[in-house]
Structures are given as C-alpha cells and as structure tokens.
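Add chain C to chain S, keeping to what the hints say.
Chain order of the listed sequences is S and C. The first sequence: position 115 = 114 (numbering that gives the first Met the number 0), numbered continuously. The second sequence: position 4 = 3 (numbering that gives the first Met the number 0), numbered continuously.
Fair warning: there could be bad hints in the mix.
[Said to hold, decoys possible] Below 20 Å or equal to it, Euclidean Cα-Cα: the simulated DMTMM-like pairs (lysine to aspartate or glutamate) are:
{"no.": "1", "chain 1": "S", "residue 1": "K254", "chain 2": "C", "residue 2": "D51"}
{"no.": "2", "chain 1": "S", "residue 1": "K256", "chain 2": "S", "residue 2": "E122"}
{"no.": "3", "chain 1": "S", "residue 1": "K256", "chain 2": "C", "residue 2": "D20"}
{"no.": "4", "chain 1": "S", "residue 1": "K164", "chain 2": "S", "residue 2": "E246"}
{"no.": "5", "chain 1": "S", "residue 1": "K254", "chain 2": "S", "residue 2": "D295"}
{"no.": "6", "chain 1": "S", "residue 1": "K256", "chain 2": "S", "residue 2": "E246"}
[As the list claims (entries may be wrong)] Partial selection, computed: residues in chain S whose CB lies under 10 Å from chain C:
{"no.": "7", "residue": "S91"}
{"no.": "8", "residue": "P168"}
{"no.": "9", "residue": "D172"}
{"no.": "10", "residue": "Q175"}
{"no.": "11", "residue": "R253"}
Derived by calculation from the structure, the hints in this document are not laboratory data. Backbone N, C-alpha and C fix where the C-beta goes; we use that ideal spot for every residue, glycine too.
This is what each chain is made of:
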Amino acid sequence: MDASLFSFAPHPRRARGLREGLERQLCASFASLLEAIETGLSLEPGRLASLAPTVSQTSPLSSRAYASHWQLGRAVESNLHDLIVPALREMSRGWHDRFGLVVATHRGDFLDHAAQAYLDSREGQRLRRPARTDGSDQPPDLRGLPAAELSELAPALYQAAERIKELDPGMADEMQEYVRQVRLVDSDVIGGMSSLRFFGVIFLSRPRAVEANELEERLFGGLVHETSHLHLHALMATDPLVLNGDERFDSPLRKDKRPMLGIYHATFVLARLTLMFGRWHQTDPGRESVAQQLSDAQTRLARGVATIRAHAHLTQRGTELLNSIERPAVL
Amino acid sequence: MTDPKNTSVEDAINEVSSRLDEVGDDGVEFSPSEGSASEYLRDRARHVETWDGDNA
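Pulled out of the complex, with its shape left as it was, chain S reads as follows:
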C-alpha cells in the first residue's frame, strides 16, 4: 500500500481509488444484508440480487445507496421490519449519481430523514439547545432555505469551490470524487454535518447575517471541513486508524465530549483547515477574516493533537497520519 495515502495533505488522483474501494465494500455489505433478508424471509436465494448496487467505472455510487444501506443495516440488526421496504424502494430509484457539485437545500426527502434521524438519536440529542423558557416549541433542527436565498448563496459556494481548486488541486480532486451535493440549511443545532450513512451529501448551515461580509470564507471552510471528513471515511475503509472504544474526551470542535474516533476526525479536519486557510492567507495576507479562521483552526488543531497524543490507541497507519499533521509547517 502506498504510504503517502496516510499523509493528511491532499494529493491529486488519490481520491478516486479510495472512493471506489469504499464503494466495493458498500456493495458487498449491501449484498450480505439482502442475503440476510432472503434467509430470514425464506425467499429463494438470489431473489433480491436485482436490488444489489454495483460499482460503476463512470459514475459514483449514489448517496441514496449509502442511506439505504444504513437503514437496511439498522432493520436487519435490530429486526425493525418497517424500515426494510422503504429502504429497498429508495434503493430502487438509482444506484449512481453524476459527478458535479449541486447546491440544494433541505426538502424532507430520504436523505434529510437520515440526517434528522441522527439528530433525534441519543447521540444527536447531545447537540440540542436547552429547552426554551417561554414554553414555545423548538423549531425543526434542519430547515430548508427559500429559493431566493439559495440563489443568492449558490454563487458564493461555487466561488469557494473555485478558490479550493486554485489553492490545492488535490483538495479539489477530493471534492469532485466525494461530494455530489451541498445542502445549505437553516439550523440552530449544527454548523455542518456529514457521515458515511449519507456519503456524498454534506449539510452546511447558512452563514448568519452578521457574517455576510465573510460569506466565501465560511463556505470555503465548510467545504474543506466536510470534504475532509468524507476523505477520512474513505481512508478508514482501508485501515481503522483509531482503535479506542466509546470513552469520551474534550473535543476541539464541540462543547460536548466525543469518542476518540470523533476527536481524530475533528483533528484531521482542523489540519486541513489550517493548511487551506494558510494557503489563502499567503495569497491575500490582508484579508482579516481569513487570518482569523487560520488562527482559530491552528489553536483548535493543537488542542486536538494533544488529546490524541495523550489518549488515543491508534494503528500504525493512524500514527503515521497523525505524525504527518505534526510537521512544523502545520502546527
């Protein structure tokens, strides 16, 4: 295996192989879940073969394939029969997406439900704001944006994507391979969100009005942040990197304590943010908000690395990746 895979720095033409490897695993996993359903329901072996996704040489596996896989896995593991048919129906709508970055918003579809299901879970509840004291209902966690606002934000997001391309072709390559759709949402709960359970779609909270003068920086940071999570998910399909259990530690990015897997993810992302905002800062040192974002990422990165060094149980590759982050040029 190419050792350079386990360097935090983006590298052109590395993401396609990782994505395809992840997709092969997902397809194999999907097939095993369908086989479990066939066996459990005493169906003819191979009866559900037509539903199993396959890897394409030309198109990435769709986000709905990942979301269907997640829901089908939950159904089979926990015997939640009601989840099976909806997951199969969603799967039957298509295995593959097209390359290209689409800007969209929350619309209450299967993917939005997958994201909301996390926020409704015990883990997701840790993010919730305290109940309102005036007795009024909490607004939904993820809310769609009006079409006019989405139209205003979309150019800034594409501009941020272009900026990434200019500053680091490797990062742009990862975005091309991993990210199909950015869902800009109104949310009081999250700044951004991504997961293997809906791989390909990233959620970004609409930057607040007070940040309007630094809109591109916020969207740039959000794209780098979530793309880096997806890259690490793809990398972890080749090696687990982190071997810790569920014990929780201070997070460099969230108020609540997180398992080491989350700390490692956050720290990796902060290394990427430090790198990318650092490059932007070099090209435009007078842009104050970029300097602030860089400084914030550096501070949090140091915190994350210290927590990992003190408490993590890593594989050899996990240590290799961490070592690449600790080069003087980054910290």
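Okay, now just chain C, sitting in the frame of chain S:
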C-alpha cells in the same frame, strides 16, 4: 438495473413486503453477517460528524 431472473425490481420488493406481512413483527429474526466488511461499515456509519460553528 439488470435482473438475472427476469423479475422486476418492483416484484422483488413487493414479495419482500408480502412476506413481511405474512410473518408479522415477531415472526422472523434476521442474522446479519458478523466480523465482516459489512459489520465494519455499519459500525462506522453509526458516527455522524457535526460541528457547532460559532458556538464551539
């Protein structure tokens, strides 16, 4: 999608639906494969990465 048995995807889903109705909620237990890539992926998909934005 290819269909090796010349049965439509919709037919396959309907058959699953019918069988689930027949066996009822308590009539079947599934046995997912363990110690496999499938289990590993499902375990990793339990994690959702979120960040608090300016609230962190």
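Now for the hints, and whether the structure bears them out:
1. S/K254 <-> C/D51: 8 Å, holds
2. S/K256 <-> S/E122: This hinted pair holds, its Cα atoms lying about 11 Å apart.
3. S/K256 <-> C/D20: 43 Å, violated
4. S/K164 <-> S/E246: 38 Å, violated
5. S/K254 <-> S/D295: Judged against 20 Å, a Cα distance of about 15 Å means the pair holds.
6. S/K256 <-> S/E246: Cα-Cα ~9 Å, so holds.
7. S91: Constraint on S/S91 satisfied, holds at 5 Å.
8. P168: 24 Å, violated
9. D172: Not OK, violated: S/D172 not within 10 Å of chain C, min 21 Å.
10. Q175: 20 Å, violated
11. R253: S/R253 check passes; min Cβ-Cβ to chain C is 5 Å, inside 10 Å.
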